[in-house]
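Please take these sequences and the hints and turn them into a complete structure.
If you read the sequences in order, they're chains A and B.
Here our numbering is used: the first sequence runs in plain steps of one and ends on residue 57.
Here our numbering is used: the second sequence runs in plain steps of one and ends on residue 228.
Mixed in with the good hints there might be a few duds.
[Said to hold, decoys possible] Take a look, some chain B residues computed to stay more than 12 Å from chain A by CB distance:
(1) V82
(2) Q133
(3) G200
(4) G202
[Claimed, not checked] Below, a list of computed lysine to aspartate or glutamate pairs in the DMTMM-like style, where the Cα atoms sit at most 25 Å apart:
(5) K180(B) x E190(B)
(6) K180(B) x E47(A)
(7) K65(B) x E47(A)
(8) K184(B) x D219(B)
(9) K184(B) x D52(A)
(10) K65(B) x D21(A)
(11) K184(B) x D122(B)
(12) K184(B) x E19(A)
(13) K209(B) x E190(B)
The set of hints was computed from the structure by calculation and includes no laboratory data.
The beta carbon of each residue, even a glycine, is placed where N, CA and C say it ideally should be.
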Amino acid sequence: MGQNQAAHASSDDVSGEEEFDPIGTLTLIAIYFVILLLAWVYIYYIEFLGRDLVVVG
Amino acid sequence: MHIHAYEKLWLAASILLILLLIGSVTYGAVGPGVAMVSDSEPPIDAQALDEDDRFSEPRVEQVGDNEYVAYVVAYQFGFEPSPIVVPENSTVTFYVTSRDVIHGFEVAGTNANTMVVPGEVSKITVKTDDRQEYGLICNEYCGAGHHVMEGKVNVVSQAEFDERNSGGDDA
Ligand SMILES: [Cu+2]
Chain A
1 MGQNQAAHAS SDDVSGEEEF DPIGTLTLIA IYFVILLLAW VYIYYIEFLG
51 RDLVVVG
Chain B
58 MHIHAYEKLW LAASILLILL LIGSVTYGAV GPGVAMVSDS EPPIDAQALD
108 EDDRFSEPRV EQVGDNEYVA YVVAYQFGFE PSPIVVPENS TVTFYVTSRD
158 VIHGFEVAGT NANTMVVPGE VSKITVKTDD RQEYGLICNE YCGAGHHVME
208 GKVNVVSQAE FDERNSGGDD A
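Here it is as structure tokens:
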């Protein structure tokens with residue numbers, strides 16, 4: 001998470017167009033994604049399906 | 058067109074998420090059999106519930122092998138019958154209607170929850186687990202006594218249920 005875009009600008013000439021590597025943003029989004037997955041599993045499978053009197057019709 | 062590697066990653070993750078959501082809902086419908094509150098019941102006359110064979114006498118009835126129906130009337134400010142007594146480990150279908158204004162029918166802390174609209178019959182079928190007493194609350198503001206509008210759904214043992222019903226009407 002310590003890197004920023006400015007530090008990357010010059011060091012990344014191998015892959016031409018991909019000199020822009022917002023690794024911090026990617027990490028942040030990955031964390032959000034994991035939170036989203038865990039929240040969904042918890043809310044649907046544990047909270048919702050785990051409660052009594054599941055509506056079946 | 059060039060797509061950044063991170064974009065591809067994000068696209069893949071998004072698609073995975075969508076598949077997971079659809080998969081979960083499908084699993085819920087196929088596995089535990091989760092369903093929606095039915096809107097298939099025909100409308101009834103809310104002013105004439107006392108002439109209706111289901112709601113003139115709100116009650117719980119056995120209709121099949123381990124299958125029960127509960128006819129429930131919500132009113133300002135309560136539910137009938139009170140308490141609603143059903144046996145454990147059975148399938149119970151609630152038919153709920155109102156004789157005055159819009160109410161809610163929420164068995165507290167469970168998934169059994171529906172609106173109750175005068176002139177309409179809300180039908181939900183649930184599976185009961187072990188014996189337990191649940192609170193029953195109205196979750197639609199229905200007037201000055203809304204906050205005191207409550208009932209009970211008591212899931213009792215089969216023996217206790219049979220005893221209650223042979224000993225006379227508990228409604
Ligand atoms: Cu109410």
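If you test the structure against every hint from before, which numbers come out violated?
1, 7 and 12
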